[in-house]
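Whole structure, please, built from the sequences with the hints as guidance.
Keeping their order, the protein sequence lines are chains A and B. Sequential numbering of the first sequence, starting at 356, is according to this note's numbering. Sequential numbering of the second sequence, starting at 356, is according to this note's numbering.
Watch out, some of these pointers could steer you wrong.
Identical copies go unnamed one by one, so any copy, or any two together, can satisfy a pair.
Straight-line distance between alpha carbons at most 25 Å, and here's what the computed PhoX-like set of lysine-lysine pairs gives [claimed, not checked]:
#, residue 1, residue 2
1, LYS397, LYS490
2, LYS397, LYS361
3, LYS469, LYS413
4, LYS413, LYS361
5, LYS647, LYS525
6, LYS365, LYS469
7, LYS469, LYS389
8, LYS469, LYS361
9, LYS647, LYS628
10, LYS679, LYS559
11, LYS389, LYS365
12, LYS559, LYS693
13, LYS525, LYS688
14, LYS469, LYS397
15, LYS445, LYS413
16, LYS525, LYS559
The set of hints was computed from the structure by calculation and includes no laboratory data.
Protein chains: 2
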Amino acid sequence: MAVTIKDVAKRANVAPSTVSRVIANSSRISEKTKERVREAMKELGYHPNFNARSLANKSTNTLGIVMPNSAKIAFQNPFFPEVIRGISTKAYQEGYGLYLSTGQTEEEILEEVKQMVYGGRVDGIVLLYSRVNDKVMPFLIEQDFPFVLIGRPYNIDENEVTFVNNDNFKAAKTVTEYLMLLGHERIGFIGGNLDYVVTIDHMKGYEQALTNAHIPLRQDYIVHHEEVKEGGQDAVIELMSIEERPTALIVADDIMTFGVLRMLADMNVHVPKDISIVSFNNVMISELSSPKMTTVDIHIYELGFEATKCLINKIKEPDIGERKVIVPHRLIKRESCK
Amino acid sequence: MAVTIKDVAKRANVAPSTVSRVIANSSRISEKTKERVREAMKELGYHPNFNARSLANKSTNTLGIVMPNSAKIAFQNPFFPEVIRGISTKAYQEGYGLYLSTGQTEEEILEEVKQMVYGGRVDGIVLLYSRVNDKVMPFLIEQDFPFVLIGRPYNIDENEVTFVNNDNFKAAKTVTEYLMLLGHERIGFIGGNLDYVVTIDHMKGYEQALTNAHIPLRQDYIVHHEEVKEGGQDAVIELMSIEERPTALIVADDIMTFGVLRMLADMNVHVPKDISIVSFNNVMISELSSPKMTTVDIHIYELGFEATKCLINKIKEPDIGERKVIVPHRLIKRESCK
DNA sequence: TACACCAATGCAAGCGATTGCATAAATTCA
DNA sequence: TGAATTTATGCAATCGCTTGCATTGGTGTA
Numbered sequence: 356m357a358v359t360i361k362d363v364a365k366r367a368n369v370a371p372s373t374v375s376r377v378i379a380n381s382s383r384i385s386e387k388t389k390e391r392v393r394e395a396m397k398e399l400g401y402h403p404n405f406n407a408r409s410l411a412n413k414s415t416n417t418l419g420i421v422m423p424n425s426a427k428i429a430f431q432n433p434f435f436p437e438v439i440r441g442i443s444t445k446a447y448q449e450g451y452g453l454y455l456s457t458g459q460t461e462e463e464i465l466e467e468v469k470q471m472v473y474g475g476r477v478d479g480i481v482l483l484y485s486r487v488n489d490k491v492m493p494f495l496i497e498q499d500f501p502f503v504l505i506g507r508p509y510n511i512d513e514n515e516v517t518f519v520n521n522d523n524f525k526a527a528k529t530v531t532e533y534l535m536l537l538g539h540e541r542i543g544f545i546g547g548n549l550d551y552v553v554t555i556d557h558m559k560g561y562e563q564a565l566t567n568a569h570i571p572l573r574q575d576y577i578v579h580h581e582e583v584k585e586g587g588q589d590a591v592i593e594l595m596s597i598e599e600r601p602t603a604l605i606v607a608d609d610i611m612t613f614g615v616l617r618m619l620a621d622m623n624v625h626v627p628k629d630i631s632i633v634s635f636n637n638v639m640i641s642e643l644s645s646p647k648m649t650t651v652d653i654h655i656y657e658l659g660f661e662a663t664k665c666l667i668n669k670i671k672e673p674d675i676g677e678r679k680v681i682v683p684h685r686l687i688k689r690e691s692c693k
Numbered sequence: 356m357a358v359t360i361k362d363v364a365k366r367a368n369v370a371p372s373t374v375s376r377v378i379a380n381s382s383r384i385s386e387k388t389k390e391r392v393r394e395a396m397k398e399l400g401y402h403p404n405f406n407a408r409s410l411a412n413k414s415t416n417t418l419g420i421v422m423p424n425s426a427k428i429a430f431q432n433p434f435f436p437e438v439i440r441g442i443s444t445k446a447y448q449e450g451y452g453l454y455l456s457t458g459q460t461e462e463e464i465l466e467e468v469k470q471m472v473y474g475g476r477v478d479g480i481v482l483l484y485s486r487v488n489d490k491v492m493p494f495l496i497e498q499d500f501p502f503v504l505i506g507r508p509y510n511i512d513e514n515e516v517t518f519v520n521n522d523n524f525k526a527a528k529t530v531t532e533y534l535m536l537l538g539h540e541r542i543g544f545i546g547g548n549l550d551y552v553v554t555i556d557h558m559k560g561y562e563q564a565l566t567n568a569h570i571p572l573r574q575d576y577i578v579h580h581e582e583v584k585e586g587g588q589d590a591v592i593e594l595m596s597i598e599e600r601p602t603a604l605i606v607a608d609d610i611m612t613f614g615v616l617r618m619l620a621d622m623n624v625h626v627p628k629d630i631s632i633v634s635f636n637n638v639m640i641s642e643l644s645s646p647k648m649t650t651v652d653i654h655i656y657e658l659g660f661e662a663t664k665c666l667i668n669k670i671k672e673p674d675i676g677e678r679k680v681i682v683p684h685r686l687i688k689r690e691s692c693k
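Here it is as structure tokens:
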């Protein structure tokens with residue numbers, strides 16, 4: 356049996372409550388006894404029991420991380436590790452632990468979230484995605500449970516939730532304008548799963564830019580694919596078999612771009628000579644493609660870091676009201692555009 | 356205040372203990388009252404409190420995942436997401452949750468592990484690395500705490516720990532032999548951080564193969580780098596400035612290979628015409644390099660899955676003794692060798 | 001009918017902490 | 001010097017659930 360607070364109390368000749376207060380470093384205990392108690396703790400090798408604390412406290416010092424149901428696929432993308440790294444850093448700084456969702460289907464995940472919330476397993480939740488018909492967020496709102504969203508709420512009043520996001524609309528618009536500036540008019544768009552809000556924002560930005568420039572939208576230039584890897588390749592086939600091939604491509608994701616580049620190489624289409632490419636995220640390996648890809652750095656790490664900051668804030672001061680943080684993005688020009 | 360077991364008890368006109376037994380589906384309760392209690396739970400929207408359960412049970416149904424201290428760097432590598440995916444899948448199947456370590460330095464991590472163990476925060480631990488002078492594993496052994504290692508113990512009797520690993524020695528040996536079979540004799544080796552056991556095993560295998568073939572070892576053909584990304588590039592510079600350039604390269608890691616390919620391209624060295632490359636892991640995007648890389652598939656997902664299986668086994672039957680699982684590897688021949 | 005026995009449930013003591021309130025001792029002030 | 005106040009600590013209830021043992025009522029058996 357592990358050593359408990361009572362053992363320490365006995366050893367230091369005080370009551371358990373005193374020991375507890377020493378742990379909390381309460382000012383109500385004199386320095387002298389504090390010292391004595393601390394010594395006893397050392398001698399006995401005492402470590403507080405986490406569950407007992409949580410039970411009494413009604414708080415766990417743990418944050419839940421909820422990943423998209425397609426975690427299977429999602430994890431293929433360095434976006435998630437990187438955002439978790441940001442979360443992890445801040446969480447550690449503030450003394451919070453991380454609890455990971457493991458479910459695969461939407462129902463499984465909702466069930467898990469319910470357990471986290473009702474079971475008091477975590478103090479707050481970071482949602483790593485915003486999808487269109489999501490049930491998790493409404494649940495959390497209804498329960499008035501602290502959470503932050505990485506992404507943007509959809510079909511829900513923005514003032515009702517705290518979220519951290521990029522301005523994906525603007526990013527996509529800028530990128531499109533950039534391509535037009537380089538002289539492109541036939542610009543293809545390879546988007547991700549349309550269930551994700553980010554995809555929608557990208558597309559809107561793209562469309563807006565074209566409309567502003569009085570370039571008619573062509574539906575056959577717009578392709579969506581769920582799978583990050585094959586998706587990129589399939590999309591290329593689709594787009595390149597159009598008679599009037601696009602001369603530039605906007606790709607939703609760097610990893611997809613690897614597939615796109617790969618496929619283009621197989622087709623003997625040269626980048627950037629024959630076709631220009633821009634994508635989003637700037638994950639670590641993006642600068643390792645050939646040619647090096649031009650991409651929008653969305654500062655993934657910051658997304659995680661900021662989100663965690665907001666979340667912890669919200670946990671500590673529940674009445675503080677919702678916040679909205681936009682992490683800036685930046686176009687990284689490399690070699691895939693001309 | 357959330358609804359507790361007492362509320363349910365009152366509602367169903369039974370004692371709390373009965374409710375508890377219904378939750379555990381004890382055979383000591385009649386079907387009739389079980390039904391009644393279940394109904395009451397439904398009506399009240401009851402969900403058991405996780406911490407209370409854990410406290411009473413002395414078990415949390417949670418597994419700890421401990422990542423290398425260089426998580427900062429590590430997470431850049433798709434190895435970790437993928438192994439976690441394997442862990443996650445099995446954990447979910449068995450009703451376990453996942454708790455993630457967040458520390459960055461070795462001391463921080465050791466401290467965290469101590470908290471997990473002493474604090475009863477997790478029932479078992481998956482160690483995602485085996486490094487040379489590791490303090491975590493000795494601690495876990497000393498505490499007789501259930502854990503499995505992904506990798507291989509070093510400086511510790513293999514019979515004392517359960518671990519899941521590839522035969523990295525053999526993999527490296529095979530790869531080297533494969534290159535020799537293709538006619539190469541000047542084979543360079545770009546290894547990872549020498550603190551990791553996998554690096555040592557790779558090197559040993561490489562050396563053994565050369566020795567068997569009576570090819571003298573050249574220290575200047577062996578380069579080690581910590582950083583997965585820049586490392587690859589630095590290493591190439593080192594190796595390619597040797598007068599007698601190697602004609603083939605063994606690279607520790609697919610992501611590193613991206614850097615290597617990138618750098619080689621910059622140097623106008625053609626792969627595989629001028630130099631052949633083999634690497635390890637076969638992460639998802641490896642087939643998206645140009646040229647597609649030849650690599651050893653180490654079945655990362657299975658590593659995680661099997662490790663979790665072993666761990667849960669160990670938790671449920673502590674006296675079962677240590678196990679050792681070797682996950683097979685497979686050379687995936689693509690286009691980077693000639 | 002009385003007794004043994006079993007099945008179904010309840011009682012109450014934990015699990016290891018926290019915390020409001022009470023108490024005792026020390027200090028201040030008039 | 002005694003009352004008031006402050007400071008330092010202890011008592012005991014509580015968090016929500018589990019579980020060993022006791023209890024109750026019903027059934028089978030002689």
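Results of checking the hints against the structure:
1. Taking the shortest alpha-carbon separations for LYS397 and LYS490, only the inter-copy value of 20 Å comes in at or below 25 Å, while the best intra-copy value is 48 Å.
2. Taking the closest pair of Cα atoms, LYS397 and LYS361 come within 25 Å of each other only inside a single copy of the chain (14 Å); across copies the shortest separation is 39 Å, beyond that limit.
3. With identical chains, the CA atoms of LYS469 and LYS413 are at most 25 Å apart both within one copy (16 Å) and between copies (22 Å).
4. Taking the shortest Cα distances, LYS413 and LYS361 sit within 25 Å of each other both inside one copy (21 Å) and across copies (18 Å).
5. Proximity of LYS647 to LYS525 under the C-alpha cut-off of 25 Å is restricted to the intra-copy arrangement: shortest distance 23 Å within a copy versus 35 Å between copies.
6. With identical chains, the CA atoms of LYS365 and LYS469 are at most 25 Å apart between copies only, with a shortest distance of 24 Å across copies and 41 Å within one.
7. Taking the shortest alpha-carbon separations for LYS469 and LYS389, only the inter-copy value of 23 Å comes in at or below 25 Å, while the best intra-copy value is 41 Å.
8. Proximity of LYS469 to LYS361 under the C-alpha cut-off of 25 Å is restricted to the inter-copy arrangement: shortest distance 20 Å between copies versus 35 Å within a copy.
9. When the C-alpha separation of LYS647 and LYS628 is checked against a cutoff of 25 Å, the pair qualifies both within a copy, at 13 Å, and between copies, at 22 Å.
10. With identical chains, the CA atoms of LYS679 and LYS559 are at most 25 Å apart within one copy only, with a shortest distance of 21 Å there and 53 Å across copies.
11. For the homomeric pair LYS389 and LYS365, the shortest alpha-carbon distance inside one copy (14 Å) is at most 25 Å, but the shortest distance between copies (44 Å) is not.
12. For the homomeric pair LYS559 and LYS693, the shortest alpha-carbon distance inside one copy (24 Å) is at most 25 Å, but the shortest distance between copies (47 Å) is not.
13. For the homomeric pair LYS525 and LYS688, the shortest alpha-carbon distance inside one copy (17 Å) is at most 25 Å, but the shortest distance between copies (43 Å) is not.
14. Only between protomers do LYS469 and LYS397 lie at most 25 Å apart by alpha-carbon distance; the minimum there is 14 Å, versus 39 Å within a single protomer.
15. With identical chains, the CA atoms of LYS445 and LYS413 are at most 25 Å apart within one copy only, with a shortest distance of 22 Å there and 29 Å across copies.
16. For the identical chains of this complex, LYS525 and LYS559 are intra-copy neighbours only, at 9 Å inside a copy versus 52 Å across copies, given an alpha-carbon limit of 25 Å.
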